[in-house]
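The whole structure should be built from the sequences, with the hints applied where relevant.
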Amino acid sequence: MNENDNILIEQFFREAASQQIRDNGFSDRVMERIEELHPSSHYTLLSMGWTLFCITVALLVFFWLHGWSEIATNITVMLTYVEVFLRIAPTALDLSSFMDVQPSSPVVTVVLSLLVLMVLSIIGLTRWASRWV
Amino acid sequence: MTSLSDLSLVTQVAVFGNRNAFDKLVVKYQSQVRRFFLHQTMGDGQLSDDLAQDTFIKAYVNIRQFRGTASFSTWLMRIAYNVFYDYKRKEQTHPQSLPEWRGDDTSGAADRCQKGNISPLSQGGDGGGSLRLDMRSALAILKPDERMCITLQLIDGRPIDEIASITGMPSGTVKSHLSRGKEKLATYLKQNGYERK
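In order, the protein sequence lines correspond to chains A and B.
Each step along the first sequence adds one to the number in the working numbering, with nothing skipped, and position 90 is 90.
Each step along the second sequence adds one to the number in the working numbering, with nothing skipped, and position 36 is 1036.
Just to be clear, a hint being listed does not mean it is correct.
Claimed, not checked - Selected chain A positions facing chain B (Cβ under 10 Å, derived; list incomplete): (1) Ala17; (2) Arg87; (3) Thr109; (4) Val111; (5) Leu112.
What the hints assert, rightly or not - Restricting the straight-line Cα-Cα distance to at most 20 Å, the calculated cross-link-like pairs of lysine to aspartate or glutamate (DMTMM-like) are: (6) B:Lys1090 with B:Asp1145; (7) B:Lys1143 with A:Glu10; (8) B:Lys1024 with A:Glu35; (9) B:Lys1058 with A:Glu35; (10) B:Lys1175 with B:Glu1162; (11) B:Lys1175 with A:Asp5; (12) B:Lys1175 with A:Glu10; (13) B:Lys1190 with A:Asp5.
Claimed, not checked - Facing chain A, from chain B, some residues (calculated, C-beta under 8 Å): (14) Gln1030; (15) Arg1034; (16) Asp1050; (17) Thr1069; (18) Met1135; (19) Ala1186; (20) Leu1189; (21) Tyr1194.
Simulated from the structure, these hints should not be mistaken for lab results.
Cβ atoms here follow ideal geometry from the backbone N, Cα and C, with glycine treated the same way.
What follows is the structure in structure tokens.
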């Protein structure tokens, strides 16, 4: 093999290297096949719809049970605890009062989490819908 | 810039299941993948399209396994290589359906191409031409691994380390295949009147 041989081979393959194969519907066939084999987009839509439904129900329950007043009360109590803690901590560290968790607190936490999930779900659904519009 | 755009499309597919993004990747790489198979199958357009379709489906299913350490193109060609060798393995277990070019590395392959036993490359939709027939004849004299390395380097323009990454061969083996393949090609071209004046 000498330099001339290399040039000869490179020239021979030059045209092949620059050739582009036209799509001619190939990519459409691939996407159709993927849709046949993995129709996950429908499941995704169903899943997101179900999530949205659950969150809407949770939101209705939240307003029906006056959840906002619970949140306001709990925030006030929490701020009071923080204030008390900051006042007494330098003199005597007694955390026993922090163990008195109100029964409604977990409910509020769950509702807040559901709110966050709802926002994320709406964002996701909007993105999904925008792809098909 | 290109790899960033690929990475963005891959992320959209992997995270949001965005099929439009995958469609863009298919459109972008279909020519490269189909051309790869056309050269390995000596111009069997239908088989090449089937194998290319399998490649893209596997890429879609395993898209979350793409780590971005290599380019998307290299990763895709690695899948294409595996699809081709899986196909070859299956064919070897059913030798009655083995095409004539398969596993035949030496004499006669070029003759069969010219006699028309192998469907023309133009069936793949890229137009016809006498040079392509000559190229198929030239590629037919090579062993499959030599053909693989030669086409990846001379047609796809990939460096040796990338060919090694795609084929899983050590770089030294790739170099050997390239060297032997080029020697055979040079001899073949000279014998067929391609020698430089």
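Going through the hints against the structure:
1. About 5 Å separates the beta-carbon of A:Ala17 from the nearest beta-carbon of chain B, less than 10 Å, and the hint is met.
2. This hint is violated: A:Arg87 has a C-beta 48 Å from the nearest C-beta of chain B, more than the 10 Å allowed.
3. Checking A:Thr109 against chain B by beta carbon gives a least distance of about 28 Å; that is not within 10 Å, so the hint is violated.
4. Taking 10 Å as the C-beta cut-off, the interface hint given for A:Val111 is violated, the closest approach to chain B being about 27 Å.
5. Given the 10 Å rule on beta carbons, the hint for A:Leu112 is violated: about 25 Å separates it from the nearest Cβ of chain B.
6. Our distance criterion of 20 Å between C-alpha atoms is met by B:Lys1090 and B:Asp1145, whose separation comes to about 17 Å.
7. Our distance criterion of 20 Å between C-alpha atoms is met by B:Lys1143 and A:Glu10, whose separation comes to about 19 Å.
8. As the CA atoms of B:Lys1024 and A:Glu35 are separated by approximately 15 Å, the hinted pair is consistent with the 20 Å bound.
9. Taken as a hint, the B:Lys1058 and A:Glu35 pair is honoured in the structure, with Cα atoms around 13 Å apart against an allowance of 20 Å.
10. Distance check on the hinted pair: B:Lys1175 and B:Glu1162 sit about 12 Å apart at the alpha-carbon level, within 20 Å; holds.
11. Using a Cα cut-off of 20 Å, the hinted pair B:Lys1175 and A:Asp5 holds, with the two alpha carbons roughly 16 Å apart.
12. In summary, the hint linking B:Lys1175 to A:Glu10 is supported, as the alpha carbons are separated by about 16 Å, within the 20 Å threshold.
13. Pair hint B:Lys1190 plus A:Asp5 holds up; C-alpha atoms about 9 Å apart against a cutoff of 20 Å.
14. With a cut of 8 Å, the hint placing B:Gln1030 at the interface with chain A holds, because the nearest CB-to-CB distance is about 5 Å.
15. This hint holds: B:Arg1034 has a C-beta 5 Å from the nearest C-beta of chain A, less than the 8 Å allowed.
16. Residue-level restraint check for B:Asp1050 is violated (minimum Cβ-Cβ distance to chain A is 10 Å; threshold 8 Å).
17. Taken as an interface hint, B:Thr1069 does not check out: its beta carbon lies about 25 Å from the nearest beta carbon of chain A, beyond 8 Å.
18. About 6 Å separates the beta-carbon of B:Met1135 from the nearest beta-carbon of chain A, less than 8 Å, and the hint is met.
19. The restraint placing B:Ala1186 at the interface with chain A holds, with a minimum CB-CB distance near 4 Å, inside the 8 Å limit.
20. Satisfaction of the interface hint for B:Leu1189 is found here, the shortest Cβ-Cβ separation to chain A being roughly 6 Å, below the 8 Å cut-off.
21. Hint on B:Tyr1194 holds. Least Cβ distance to chain A is approximately 6 Å, under the 8 Å limit.
Checked against the numbered hints above, the structure violates hints 2, 3, 4, 5, 16 and 17; every other hint is satisfied.
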